[in-house]
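Make the full structure from the sequences, and use the hints.
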Amino acid sequence: MRNCLVIGKTNVGKTLFVINFAAYLGIKKIRFTLVDSLGRQHFREYTPELARKYLTGGKPHHTRCLQNVTIKFSVGKGQKKLILTDSTGLKDGIHPKEEIRKAMAQTLGALVEADLIMHMVDISQMADLGQENFFTLELIDRQIMDFGRERSSYLLLINKIDLLQSHISREKIKQQFSGIPLFLVSSVTGEGFPEVKSYVWNFV
Amino acid sequence: MDFSKRFKVSKAPEERDKKVDKRMFHGLERGEITVTQALRNIKDYDKSISDINQENSTENIALILQELNQLIGLERVKTLVKEAEAYIEIQRRRQFYNLINEPLVLHMIFTGNPGTGKTTVARILGELFKAMKVIPKGHLVEVERADLVGEYIGHTAQRTREQIKKAIGGILFVDEAYSLARGGQKDFGKEAIDTMVKAMEDYKTEFVLILAGYPREMAHFLSVNPGLKSRFPIHLDFPDYCQEELLEIAELMLKNRQYRMSEEATLLLKGVLYEKDRRKNFSNARFVRNLIEQSIRRQALRLVKKKETTREELMLIAREDIRLEELEEVEEELTFEKLFGDW
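Which chain is which? The protein sequence lines are S and C, in order. According to the working numbering, the first sequence holds residues 1 to 204 in order. According to the working numbering, the second sequence holds residues 1001 to 1343 in order.
One thing to keep in mind: the hints can contain errors.
As the list claims (entries may be wrong) - Straight-line C-alpha distance at most 35 Å; calculated DSBU-like pairs for lysine-lysine:
hint	chain 1	residue 1	chain 2	residue 2
1	S	Lys197	S	Lys77
2	C	Lys1166	C	Lys1137
3	C	Lys1043	S	Lys80
4	C	Lys1043	S	Lys77
5	C	Lys1186	C	Lys1204
6	C	Lys1137	S	Lys80
7	C	Lys1043	S	Lys59
8	C	Lys1043	S	Lys81
9	S	Lys59	S	Lys29
10	S	Lys172	C	Lys1043
11	C	Lys1043	S	Lys174
12	C	Lys1043	S	Lys97
The hints are simulated quantities; they were obtained by calculation from the structure and are not laboratory data.
Spelled out as structure tokens, the structure:
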């Protein structure tokens, strides 16, 4: 059983990725285990459509606790389990709401314990055309990256690739982050999911 | 969200072994620090843990180095160890910055006369490399020709490989390695050498191979196998001890056993250890150790007859305790042979 954490800033599409990835893997009813900041577990079952409707949205901090999805798959004759954890988005600065602060602390706790860190960033917010290096990472993303690469298996998911303007080549993105395992995905269209799947399968 | 009303509430999840104290995040929960600060704290915490581990190992290293420094003479070995230590540390620091770090190849050749400390140094190096995390186990597997060479064709490779397997994670110490090249082309010793050379390349970083032997024989051995010398980056020569060094060794040995020599005994020993008077197969420190152990036994024999002994007497090795039986034995043997010849 491996614990796989999806982490990133707010509104980069973590929850939608988890839902659509689970749907891509053929799960009809997604069973979420919500773990609140006191460690209590609550179960909720959604179809992918309903999950998209209730769990995602355009506002930041829609997810306010850890949401685990257990994915079972067969390897040879046996069965293996993968826990995909969706987390509260991180945002720099001190958030006024205590609930969100607690949720962010919980995310960091999960970050420390995760076996595989899937770090999600939003390409549409990174593109900075004025500079030589097109894509800049914010401090918090850089910190997560450093931490993840030092600590355990780390994977960079560059999300919202469908919003990328056509004149920016994908090769250029890959070049800039060479040496880091990286996948260009789109939570909405499902682009890049097969590659992520094969990587995660190998990891488990 | 109020979970308890809307959802079924279950028990808390099983406590996993937590690597980081949850209290670290309290500042974040209370709104005292930002997320980036919290992340920095985690990193610092990680670092402090690894620092603690490192401190333990540096303490170990210090202890082992102390043991090494206690050995008298062997300046060349001590500088080499310092070099290796610095190199390993720098490699570790380079690793931190994701710079290319080359695996350390530490295969060695030790040459030196009997009793110059080859085995002792190998044993200490094993522990030292273990503390430095160069090799995981640091044990010493001591082998000689008889352990490596087999009885029939193909047996040698098998036996050699077995010994190498035993030494993985530690040090394989081949004593009197030159004997593997003895016996010409048909000898199985050559097969053992070939197998070892292969293993050295295959398990480059997993074990340390040390070939040891007497200088003259080793020089011949290395000239016979031209590829061999270049495969050993470290070549250590153990010179013969000089008179003062041997005397120091003797005094240290006695001190460790809580004895001391009288002045006359020291003078006598000094005379015995004089370089020019040494015999061909003089065994340096081993000779001194045997002599010391023998004289301790002699002292016991001398004192046991007395009814009362003082503390001083129990500690003192007198001149008459030191008897050069070993030397006399050789001479006796010679005279015996002479006698035999006469017969």
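Hints, verified against the model:
no.: 1; hint: S:Lys197 / S:Lys77; result: holds (20 Å)
no.: 2; hint: C:Lys1166 / C:Lys1137; result: holds (11 Å)
no.: 3; hint: C:Lys1043 / S:Lys80; result: holds (32 Å)
no.: 4; hint: C:Lys1043 / S:Lys77; result: violated (41 Å)
no.: 5; hint: C:Lys1186 / C:Lys1204; result: holds (28 Å)
no.: 6; hint: C:Lys1137 / S:Lys80; result: holds (34 Å)
no.: 7; hint: C:Lys1043 / S:Lys59; result: holds (30 Å)
no.: 8; hint: C:Lys1043 / S:Lys81; result: holds (29 Å)
no.: 9; hint: S:Lys59 / S:Lys29; result: holds (25 Å)
no.: 10; hint: S:Lys172 / C:Lys1043; result: holds (30 Å)
no.: 11; hint: C:Lys1043 / S:Lys174; result: holds (27 Å)
no.: 12; hint: C:Lys1043 / S:Lys97; result: holds (25 Å)
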